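Chemist: Once you have looked at the hints, place chain B on chain A.
Chain order of the listed sequences is A and B. Everything in the first sequence is counted per the numbering used here, starting at 286 for the first residue and increasing by one. Everything in the second sequence is counted per the numbering used here, starting at 286 for the first residue and increasing by one.
A couple of the hints might just be wrong.
Remember, identical chains collapse to one label, so a pair may be satisfied in a single copy or spanning two.
[Claimed, not checked] Calculated lysine-lysine pairs in the PhoX-like style (CA-CA distance at most 20 Å, straight line):
hint: 1; residue 1: K293; residue 2: K463
hint: 2; residue 1: K492; residue 2: K438
hint: 3; residue 1: K495; residue 2: K457
hint: 4; residue 1: K698; residue 2: K315
hint: 5; residue 1: K496; residue 2: K463
hint: 6; residue 1: K336; residue 2: K346
hint: 7; residue 1: K706; residue 2: K647
hint: 8; residue 1: K676; residue 2: K640
hint: 9; residue 1: K524; residue 2: K382
hint: 10; residue 1: K656; residue 2: K698
Don't read these hints as lab results, they were simulated from the structure. Quick caveat, the model's predicted, so the values are computed rather than measured.
These are the residues of each chain, in order.
Protein chains: 2
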Amino acid sequence: MKTNVLSKMGRRTAVPPISWLMHAALSRPKLISLAAGFTDNATLPTEFSRKLLNEILRSPKTGQPALQYGITAGENNLRQLTAQHLQKLDGTGAKNKSHSPGRVMITGGSQQLLYMTLEALCDEGDIVLVEDPTYFVFLSILQSCGIQARGVKLERDGLDLAHLERVLESLKRSGQLKRVKALYLVSYFQNPTGASTSIAKKAAALKLLKKFERAAGHPIYLLEDAAYRELRYAGEDTKSALTLPGAVERVIYTGTYSKPFAPGARVGFGILPEPLFTAVQRIKGNHDFGTANLLQQLLARALASGLYDRHVARIKRRYTQKARVMKRALAEHFPANVEIWESGGGLYFWARLPKGISAGVKSRVFQTALKNDVLYVPGELCYADDPLRRKPDNEMRISFGSASEANIREGIKRLGAVLEKFV
Amino acid sequence: MKTNVLSKMGRRTAVPPISWLMHAALSRPKLISLAAGFTDNATLPTEFSRKLLNEILRSPKTGQPALQYGITAGENNLRQLTAQHLQKLDGTGAKNKSHSPGRVMITGGSQQLLYMTLEALCDEGDIVLVEDPTYFVFLSILQSCGIQARGVKLERDGLDLAHLERVLESLKRSGQLKRVKALYLVSYFQNPTGASTSIAKKAAALKLLKKFERAAGHPIYLLEDAAYRELRYAGEDTKSALTLPGAVERVIYTGTYSKPFAPGARVGFGILPEPLFTAVQRIKGNHDFGTANLLQQLLARALASGLYDRHVARIKRRYTQKARVMKRALAEHFPANVEIWESGGGLYFWARLPKGISAGVKSRVFQTALKNDVLYVPGELCYADDPLRRKPDNEMRISFGSASEANIREGIKRLGAVLEKFV
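Bound conformation, chain A alone (with noise of 0.2 Å):
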């Protein structure tokens, strides 16, 4: 009598894959992971957080406002200092409309807006792009949704723009077009992969999907997912999409101080165009009208007193040097036709074993390294069901976010062990 009581999506949604793989972790003291797209321990801000609390509690003039409610989109100085934030990352003045603060949605991480976001924008059956591979939770909540993914092929540098054409087109004389709301790109440091894409090539996909918003019938939004763009160790920025022409209109984007700042204080943020800001804001509504004040405001004054960019400069050097000692380890103890994708920023590099040799779940790469007490994530989880092809499975994602310098490299050590055996 009970199977049935669950709504469609009680009995949808699917047990997180990575809820697994930290399973895994937990029976067995010994494992290094490279899984876990954790922070680095050591480099959290516990002492600027205290003064900063210490601060805002002290009087009872800011210490009330921060302990009550709030506004549903975000107490206005957090949203005000945001939008400065990505004024200064993307080098735009103040007066540019798609940086101004009333667009600024604050939530609780930007997996709670991705989440609203889709709420707002796709019904059952509808057709989100993705790359291929892409975030796995991002896909976990398309799967609970109902909501189907067409992969995009990515490339080492990023979004395979004839590919999108030829998924676009195909879509168009399939008739599905109608379906399709947006493409979610992952467009810093992407998340498994590593790789970015272009300031040119997010104006060249917006073209695309511009194009194509006829045969749909309603606009196509690119939905830029920036989680990743302030853990750059090497180059220069890159613009977003909300700097090209037309992007008021249609770029969402999203971005995080959790990453960047602590986790543990869960703060993120997004950027909407109408019809969608009001749509998310009313639904942000029934999910908790308004993300915790106080987390709100310890974001808002470690933004204002220049504590968040030195916490960001010195997570910076530590994840450099991380992902030099990975780096190192790959190079001496990886087969030499294992392709590894490094990228100059984020948690992860990304590895390609030579065709035919699995490295999914149930492969016997995977479950010799789990046996030598090292996980990674395997690459598979992070493509989308797209039955338009088969999913790779011989990639692995390998981070060095929570992992100290020496697990790193007697991780790699284990990892390139087991390689050696099977490659």
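Modeler: Frame of chain A; chain B shown alone:
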């Protein structure tokens, strides 16, 4: 071209009525709001929070995990402490299965838990029974999700059991019982009326639901929202539905630390039966993969140190006094033929004007009150869109939560003068 891009939910989700009220309040600087369910600013635990956050963040051992990602269902120490807290309130032993930590989910306020529970349980077109009137943000979720609400009469001593049975019978006759998934009960000092439902009535309601399950073909849950439980100013706490036989399989219980501790450190919790617990946990993985750890650790430390209990005792004294001030002012200034519901807790009085006199949003009473700078929540906003009865519009929710004692006196005086004109 824009109008059709949103999802059904995106198009359906209405402006929250409360946001309109807030807006009205903002444009009149001298307005006294007896509308908001905000807590009293002066009672917010700024000093306790500062002390506890200092303790947490001073040591890397506790500070780093508090700023890191955690577990989707919530941190184990807070789940354990929450289970103990509920065991204490309900006077049950730690071995009571219904109160076990493994069934506790920690969320961003209890609002988030209500939202996710409905996601896991209800499809568009399903039916949830609600008290008539009930918590209006719950009604907003139902509206947004396309779930139907059916009102069950509420008496001064809680749910009208005879009416509940009639409603179930009628749904059975019309073949709609298979769409009925739950009865939503704000059982302690209900928002908006202040009415409480006794444990005897909860037991009878659960029995009735059980009786109709065969015809429904699936479980019908009792969803008990205990948001105001700890804000009791008189008498003894009554047991929750978790203490009833069969509760382990049929009772969903939601509670919150927001109202009794701090809305700005938004942490709520719930106890869920299977298969709902698992479904909601997976859905939460997609929403945010776990509520901000820093807030969870703040609450855990408040509970473990006893500061939480001390704080609750303190705010109860304060609200008791404010409720007394409002009661006196109502007796002095309101016409005698206005029926006042007084409750021994919560944040609200409920006033019922003689039949035929509207206190609704468009009524002369409401508009005149606004012109005279006093705001209340029109009772009609708290009634479901139930096609089977006309919404009563002669009621008002009057809150003593956030106004000062002087403003409570002055606000009630203004409101009384308005009523003298029309009643």
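Chemist: Compare the structure with each hint and give your call.
Modeler: Okay, the hints, checked on the actual structure:
1. K293 with K463: Intra 23 Å, inter 15 Å, cutoff 20 Å: inter-copy only.
2. K492 with K438: Within one copy only: 18 Å inside, 56 Å across.
3. K495 with K457: within (13 Å within a copy, 51 Å between copies)
4. K698 with K315: within (15 Å within a copy, 70 Å between copies)
5. K496 with K463: Within one copy, since 13 Å is at most 20 Å while 46 Å is not.
6. K336 with K346: both (17 Å within a copy, 17 Å between copies)
7. K706 with K647: Within one copy, since 17 Å is at most 20 Å while 77 Å is not.
8. K676 with K640: Result: close within a single copy only, 12 Å intra versus 66 Å inter.
9. K524 with K382: within (16 Å within a copy, 55 Å between copies)
10. K656 with K698: So K656 and K698 pass the 20 Å test inside one copy only (14 Å; across, 75 Å).
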